[in-house]
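Numbering-wise (the numbering used here), the sequence shown opens with residue 1 and increments by one.
Derived by calculation from the structure, the hints in this document are not laboratory data.
Treat the hints with care, as some may be off.
Okay, derived cross-link-like pairs now, BS3-like style, lysine-lysine, Cα gap no bigger than 30 Å in a straight line [as the list claims (entries may be wrong)]:
| hint | residue 1 | residue 2 |
| --- | --- | --- |
| 1 | LYS212 | LYS96 |
| 2 | LYS221 | LYS237 |
| 3 | LYS52 | LYS3 |
| 4 | LYS116 | LYS1 |
| 5 | LYS109 | LYS237 |
| 6 | LYS68 | LYS116 |
| 7 | LYS109 | LYS68 |
| 8 | LYS228 | LYS109 |
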Amino acid sequence: KKKYVDRQNSLNRHGAAGLMAEILTINRVGQDGDFADMAIELLAEMLNGGNKDVQQAIFNFATTQDPKGSFLSHIKDRLSRGERAVRERRDSVRAKYVPFTEELMKEYKELIQTLKFMQLMCEGHTLDMQNLMRTQHIHGSAVSINLLAQSIDLLSVMVESSATLRRFDEMDVNAAEACLNFLIEALQGPCPDNQLFVVTHMSPAPAIEVCKQIIPSPFSKTCSKDTKLRFQGCAVKFLAACLEGRRDSR
Numbered sequence: 001k002k003k004y005v006d007r008q009n010s011l012n013r014h015g016a017a018g019l020m021a022e023i024l025t026i027n028r029v030g031q032d033g034d035f036a037d038m039a040i041e042l043l044a045e046m047l048n049g050g051n052k053d054v055q056q057a058i059f060n061f062a063t064t065q066d067p068k069g070s071f072l073s074h075i076k077d078r079l080s081r082g083e084r085a086v087r088e089r090r091d092s093v094r095a096k097y098v099p100f101t102e103e104l105m106k107e108y109k110e111l112i113q114t115l116k117f118m119q120l121m122c123e124g125h126t127l128d129m130q131n132l133m134r135t136q137h138i139h140g141s142a143v144s145i146n147l148l149a150q151s152i153d154l155l156s157v158m159v160e161s162s163a164t165l166r167r168f169d170e171m172d173v174n175a176a177e178a179c180l181n182f183l184i185e186a187l188q189g190p191c192p193d194n195q196l197f198v199v200t201h202m203s204p205a206p207a208i209e210v211c212k213q214i215i216p217s218p219f220s221k222t223c224s225k226d227t228k229l230r231f232q233g234c235a236v237k238f239l240a241a242c243l244e245g246r247r248d249s250r
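Could you build the full structure based on these sequences and the hints that come with them?
Following this line, the structure appears as structure tokens:
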């Protein structure tokens, strides 16, 4: 493990984290080949295990070298593209379960990659990065991109109702679970401002309502028992993260 962390830190010392983040600022989602996907993949590998130095390098880039918010805007666009895929999938299974098409499977994998990257940016209860997922105004940014709100909205589209869950297969679960895992990491520590946002974003709080659907759901027969239990456990973990350290009634 030490050698792995040493390699992460060596890449970071040579400016790889900032360079990959800059690549994302100049690449358009879905229009510039796989370069941005490769940058995300390398950043995720450098962040793996909650590398604080790499997290700090990305945070510094986003807050001091990217006044227009292009880095986070790229992530926002990736989530928007993923949401379009989720809506297409939801419409295709509205009447009955159908398997994923090859193209839709690819788009779901890209969405999961993005959500995992966001989770890794916050991993280890990194408060500055957790708050950055919600707002950038405090760092003097000309724009503010709320990835926390967008992820909550995405989760609500994924889990529209208990009937939707009954038509889920493994890939549907993997995407919704990746979304929940990001939200959990954005809350744990705790991060009080993110907790408050999650429960007041709308009324009733959509992410909490989704978890109330997930926990008792029988799911589709295409999902294994282990997958169901893992997903339900993830929903419980999210609710616990909302309550962590709270002394108020909200």
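- In rising order, the numbers of the hints this structure does not comply with: Result: no hint breaks.
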